[in-house]
Structures are given as structure tokens and as C-alpha cells.
Amino acid sequence: MADHDESTPTIRPSALSGRAPLPLVLVPSDAVRDAIAARLGLLAVKKLRFEGEFAPEGRRDWRLTGRLGATVVQPCVVTLAPVTTRIETDVVRTYRAEMPPPVHHEIEMPEDDTEEPLPELLDPMDVVEEALALALPLYPRAEGAEIGQAVFGPPGTTPMRDEDTRPFAALARLKDQQEPE
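Residue numbers (this note's numbering): 66 to 246.
Keep in mind the hints are simulated off the structure, nothing from the lab.
C-beta: ideal position from N, C-alpha, C; glycine also.
It cannot be assumed that every hint is accurate.
[To be verified] Beta-carbon label-pair distances, calculated as ranges:
#1 M225 to E181: 47 to 53 Å
#2 P140 to Q243: 45 to 51 Å
#3 T75 to M164: 19 to 25 Å
#4 G213 to V90: 43 to 49 Å
#5 D178 to E208: 31 to 37 Å
#6 L236 to I212: 53 to 59 Å
Taking the hints into account, I'd like the entire structure generated from these sequences.
Given below as C-alpha cells:
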């Protein structure tokens, strides 16, 4: 995915003991957080911490589990004002040594979407960045930010509003006009 600083461990699963889990605590530097913010289109990543383990599962498979905590700043979708969000999410990835490759160009999503082929080298910061990207709010809004209603029309006509496009609202108005009081 991306280059990280020297403090980011790269894991070679084939070199690990198949019996003991490898504990992981990742707290990236300011430079790495700034690079992640730039790649994800964020204003800032103020805090980022991942704590978990890379543990054997069966004879040749591995499971990465942990907890991701982050404080991010995104632009509001309405006003572009900075919106600070705290993210806490569990991260689970299962790496299968014998995962069959897809046979067609189009594949169906498996039931367990945490499974991936076991790589030769694994950079846990890539997994952390992906998990952070998936956990981000899609439409962050600053407090009190509202979209409002845009109303346009040619001079001398009544502009069309959102309510005018709702067919059942128009039917209700017709019904109200026809009913005698």
C-alpha cells in the first residue's frame, strides 16, 4: 500500500514460530500519520494506535486481531469545516495459506470477508490503514450544518421545490381539494 517509517514492523509469516502469537503495538510517528491523512483525504490523523497480535491458526494459517483507535479530522460535507471524529474498531484478518485464487473475473464475496491469501511479507500498518479507511464516517457533518433547499426557476414562475416532486404529496393535495368540508 504505502511506505512507512523504519519503526513499522514487516512480518514474514514463514519465519515465525507456528505456536506462539506475535504481540503488536503500533503507534505511528507524526510523519506516518500525516502521510496516511494525505492518502485518505483527511485534514489530519491526530492519534492512531493499534494493539493486537498475529497468531497461528491451524498448521499454516494466521490470524491478525486487534483494536484500532484513532482520532481523525475530516472536512464537513456541507461547510468544509473541520470535523473531529474518534474511531474505535476491532480489526480481524485471517490469512489462509491454501486460499484458492478466483477462477473468474467476477467473483462473489465470501461469507467471511476477513479472509485473505497468506502473503510472503505482511506490513501491519497497511492493514491498520485499510481498517481506518473502512471505519471513517462517509459524510461527516459539523455541528449545526444543514444542506438547506436550493430553489431555482425562471423569472415570473414559481420555482419547483422538493415537495413538488413527491407524487403522493400531490395526490394528497388533490384529495384535499375534492373533499367537501
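Status of the hints after comparison with the structure:
1. At about 50 Å, the beta-carbon gap between M225 and E181 stays in the expected band of 47 to 53 Å.
2. Our hint of 45 to 51 Å for P140 and Q243 holds, since their Cβ atoms are close to 49 Å apart.
3. In this structure the hint that T75 and M164 lie 19 to 25 Å apart at CB holds, the actual value being about 21 Å.
4. Remark: the range hint 43 to 49 Å for G213 to V90 is upheld by a beta-carbon distance near 46 Å.
5. Under the hint 31 to 37 Å, the C-beta atoms of D178 and E208, about 34 Å apart, fit the expected range.
6. Range check, L236 to I212: about 26 Å between beta-carbon atoms, so the 53 to 59 Å window is missed.
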